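K.L.:
Protein sequences appear in the order of chains A and B.
Here the numbering used here is used: the first sequence runs in plain steps of one and ends on residue 336.
Here the numbering used here is used: the second sequence runs in plain steps of one and ends on residue 410.
Simulated from the structure, these hints should not be mistaken for laboratory data.
All of these numbers come straight from a predicted model, not from anything done at the bench.
A few of these clues could be false.
With a straight-line cut-off of 20 Å between C-alpha atoms, the simulated SDA-like cross-links for lysine to any residue are [claimed, not checked]:
#  : chain 1 : residue 1 : chain 2 : residue 2
1  : A       : K137      : B       : K32
2  : A       : K137      : B       : D302
3  : B       : K32       : B       : A401
4  : B       : K23       : B       : A48
5  : B       : K235      : B       : R304
6  : B       : K23       : B       : R337
7  : A       : K137      : B       : L13
8  : B       : K392      : B       : P373
9  : A       : K275      : A       : I292
10 : A       : K137      : B       : G299
11 : A       : K137      : B       : K235
12 : A       : K137      : A       : A95
13 : A       : K275      : A       : S296
14 : A       : K137      : B       : E301
15 : A       : K84       : A       : I107
16 : B       : K32       : B       : E353
17 : B       : K32       : B       : P17
18 : A       : K137      : B       : E353
19 : A       : K137      : B       : G258
20 : A       : K137      : B       : R261
21 : B       : K104      : B       : R117
22 : A       : K137      : B       : P17
23 : A       : K277      : A       : G237
24 : B       : K392      : B       : S378
25 : A       : K84       : A       : K137
Derived, one-sided and incomplete: chain B residues facing chain A with beta-carbon distance under 8 Å [to be verified]:
#  : residue
26 : A159
27 : G176
28 : E184
29 : R188
30 : L189
31 : G190
32 : Q236
33 : A240
34 : F260
35 : S267
36 : E301
37 : R304
38 : L305
39 : P306
40 : F307
Ideal placement from N, C-alpha and C gives every residue a C-beta, glycine not left out.
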Amino acid sequence: MTSPASSHLGRYPAGAAAFPHRGLMGIAGLARHEILFLLDEAEQWVELNRQPQKRDDRLAGLTIINAFFENSTRTRLSFEIAGKRLGADVVNMNASQSSVKKGETLIDTAVTLNAMRADAIVIRHASSGAVALIAGKVDCPVLNAGDGSHEHPTQALLDALALRQVLRERGGSGEIAGLRVTICGDILHSRVARSNMLCLTALGAEVRVCAPPALMPEGVEAMGVAPFNDFNAALEGADVVMMLRLQQERMQGQFVPSPREFRYLYGLTLDRLAKAKPDALVMHPGPMNRGIEIDSNVADLAGRSLITRQVEMGVAIRMACLDVLTRTARGAEGWS
Amino acid sequence: MSAAEPLLIVNGLLVLPEGPLVKGAILCEDGKIAALGDIKRREGVALADANGALIAPGLVDFGVFAIDKPAFHFGGITRAALMPDQSPVLDHPARVRFAAQSGKPDLWVHPLAAATRGLEGVELAELALMRDAGAKAVATGRQWISDSGTMARLLRYAAMLGLVVVAHAEDGGLTGNAVATAGEMATRLGLASAPSEAEALAVARDIALAEMTGARLHLRQVTTASALTLVCAAKQRGVAVTAGVTPAHFMLSDLAIGDFRTFARMSPPLRCEADRQAVLEALADGTIDVIGSGHDPRGPEDKRLPFADAEPGMAGAETLLPLTLNLVRDGVIDTARAFALLAGNPARLLGVEAGALSVGMEADIALVEPERPWIVDSDRMAASAGNTPFDKQPVQGRVTALWKGGAALG
Chain A
1 MTSPASSHLG RYPAGAAAFP HRGLMGIAGL ARHEILFLLD EAEQWVELNR
51 QPQKRDDRLA GLTIINAFFE NSTRTRLSFE IAGKRLGADV VNMNASQSSV
101 KKGETLIDTA VTLNAMRADA IVIRHASSGA VALIAGKVDC PVLNAGDGSH
151 EHPTQALLDA LALRQVLRER GGSGEIAGLR VTICGDILHS RVARSNMLCL
201 TALGAEVRVC APPALMPEGV EAMGVAPFND FNAALEGADV VMMLRLQQER
251 MQGQFVPSPR EFRYLYGLTL DRLAKAKPDA LVMHPGPMNR GIEIDSNVAD
301 LAGRSLITRQ VEMGVAIRMA CLDVLTRTAR GAEGWS
Chain B
1 MSAAEPLLIV NGLLVLPEGP LVKGAILCED GKIAALGDIK RREGVALADA
51 NGALIAPGLV DFGVFAIDKP AFHFGGITRA ALMPDQSPVL DHPARVRFAA
101 QSGKPDLWVH PLAAATRGLE GVELAELALM RDAGAKAVAT GRQWISDSGT
151 MARLLRYAAM LGLVVVAHAE DGGLTGNAVA TAGEMATRLG LASAPSEAEA
201 LAVARDIALA EMTGARLHLR QVTTASALTL VCAAKQRGVA VTAGVTPAHF
251 MLSDLAIGDF RTFARMSPPL RCEADRQAVL EALADGTIDV IGSGHDPRGP
301 EDKRLPFADA EPGMAGAETL LPLTLNLVRD GVIDTARAFA LLAGNPARLL
351 GVEAGALSVG MEADIALVEP ERPWIVDSDR MAASAGNTPF DKQPVQGRVT
401 ALWKGGAALG
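Extracted from the complex, chain A is given alone in its bound form (with noise of 0.2 Å):
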């Protein structure tokens, strides 16, 4: 295992200027060469998440709270896990056994974790914007684990990451410039399509997203990224198709017609991943609907799927994440 310090020697800005954030929340924010620190960053995760001892105790005494106002199991455990990887004690705090239950402001929630001295707070919740509100509130970092239908940043950075090595491991650069990646589902309310089409787009990749109108947002190109609504004509000539189910969580009314027909049109099947490149990888952040928008014989395709790899990859990313933004406060070499 190199020490990040020596392989990053001269790509990126000395110490803490490589990545001058005080927390993570969200993409739009990041610079490339800052995607591509924290990138670089999780390499190491990656290895020693494949040792049988995968314990690093750099955030030892470290407290960190997962604040969760919303329902997740990957994320949560994802980060859960990043954190007592570094020797971190996490702490888990989920709304629904709290006191927001009993109408306690945002803002009293968050004035109530920064009194008990978090290191760093994880925080996600439905309304987009909310992590933000917290952030401005406490005095650590704090990570966006997903606010409302705003951004992921971790899951585009995971993403990123997964492609890149896939590419490498494939005997490419790893590198994600020129990559053509369709993005389909209900990009609408997915918060994950926002972030991927800020990370992407600031990586060189041409984005394409695709979706019934009704699940487009308007005035999408303007991020960079180019609209569809025909899924045939967006998979042509894909490098990446990256599928997103429909969040029906965040819906009011109806979107599309029903299921059946969603998969109609927009569900990927062996016949339309034909349709892309003949390599072409395919990835989904999960919770994957098969059968809807995936079919199972394409999620489990092997050499060509990543969504196991981007699972895995969520770990390295996470601890890079935590580790990066607490260097400041752990008095790190360069970031004090």
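Once you have looked at the hints, place chain B on chain A.
P.N.:
Chain B alone, transformed into the frame defined by chain A:
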């Protein structure tokens, strides 16, 4: 201090209903304007020196959500038309009567009766009883009445009673749970949004129904190019329709909601820049008749929340005049038209003898230094809460003295 004591304000620039500013004085007797122009002082008449300031009508703020006397007086507002969206709703004659008395003597509140019970848009409220209890018009509140049949019956009935119907124009089906206007900003922020056509659709229907029923319709806020085109065409056909706007929609575009700033959460939501330009044009060409503050002071419990969970609205009474005077400085309108938008036209809509400097009108008078600079500070506002999207912005124009019915305030 007695309203009956005659008062002569000299050495000012009179803002008359039309035309340029005129140097002169104003005489108030028995609470009314008795004379204007070059007036000699008589024995027993109190004297006030305007020191060259504008002598203007006190503002008639059309469509406020709270009675907030300190903010109103700071802003030169002597009368306010109160929206029915109160707790409890102004859908009962007794509540209307109480509200009508609540500001006197130094602020006159003109309640707008709730068009439907509980503002639910289903059953008509007792409009005749509320009119005779002091309601000056009928309003649909923050909501659009989605049932066209109900709206048609409301307009017919209000026409018979001689009451203007004040409508909120946003098609509920398109709007849904939207908190922003569809476009790049809402997309980047991941906020539920509705197309700006939601306004044009509602305006088109309400104009058609007003035309059919012969009712007088006032669209409290028209904020999009397409809806303003409809209003302009309807006026040319002779439909009795008028339109209003608040300064937020001619000062700000939806860029202001960046970083999820809840103080910029409005209803209807802020629009794109092209729509803002259309509002400015409509102010210049006469399509828009009224500028109101939409005063809605909201404390942190309503505003320090995630954007979509926060209440819409801003505390606007203090900034209403200076932001409107921006339009004069920018050459969009002249001073006389500014005060027609702020006082004369809303007074006419309410059917009250005020809002203009003419003999016989109520002596509601403001002295205004139109160039005087000051900085908006949300921490130190006269309003009961400081939720303004104009925080820390320099503005010009300040009220230096105010009389209600010839009696000095403050």
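K.L.:
Under the criterion that the straight-line Cα-Cα distance not exceed 20 Å, is the pair K137 of chain A, R261 of chain B satisfied?
P.N.:
Between K137 of chain A and R261 of chain B the Cα gap is close to 15 Å, so the pair holds against 20 Å.
K.L.:
Can Q236 of chain B be said to touch chain A, with a Cβ gap under 8 Å?
P.N.:
violated, 31 Å
K.L.:
Is the hinted pair K32 of chain B and A401 of chain B satisfied, with a Cα-Cα distance of at most 20 Å?
P.N.:
holds, 17 Å
K.L.:
Would the hint on P306 of chain B be counted as holding, given a Cβ-Cβ threshold of 8 Å to chain A?
P.N.:
holds, 3 Å
K.L.:
Take a quick look at whether K392 of chain B and P373 of chain B sit within 20 Å of each other, Cα to Cα.
P.N.:
holds, 12 Å
K.L.:
Is the interface hint satisfied for L305 of chain B? The criterion is a beta-carbon contact with chain A at less than 8 Å.
P.N.:
holds, 6 Å
K.L.:
Regarding the pair K23 of chain B and R337 of chain B, is the alpha-carbon distance no greater than 20 Å?
P.N.:
Distance ~18 Å between K23 of chain B and R337 of chain B Cα, so the pair holds.
K.L.:
Within a Cα-Cα threshold of 20 Å, do K137 of chain A and E301 of chain B meet the stated pairing?
P.N.:
This hinted pair holds, its Cα atoms lying about 15 Å apart.
K.L.:
With a cut-off of 20 Å on the C-alpha distance, tell me whether K137 of chain A and E353 of chain B pass.
P.N.:
Violated - the C-alpha atoms of E353 of chain B and K137 of chain A are around 51 Å apart, more than 20 Å.
K.L.:
Would the hint linking K275 of chain A and S296 of chain A be met if the CA-CA limit is 20 Å?
P.N.:
holds, 18 Å
K.L.:
When the nearest CB of chain A is found for E184 of chain B, is that gap smaller than 8 Å?
P.N.:
Hint holds; E184 of chain B Cβ to chain A Cβ min 4 Å, cut 8 Å.
K.L.:
Can the hint on R188 of chain B be confirmed by a CB-to-CB distance to chain A that is less than 8 Å?
P.N.:
holds, 7 Å
In this structure, the hints that do not hold are numbers 1, 5, 7, 11, 15, 18, 21, 22, 25, 26, 32, 33 and 35, in rising order.
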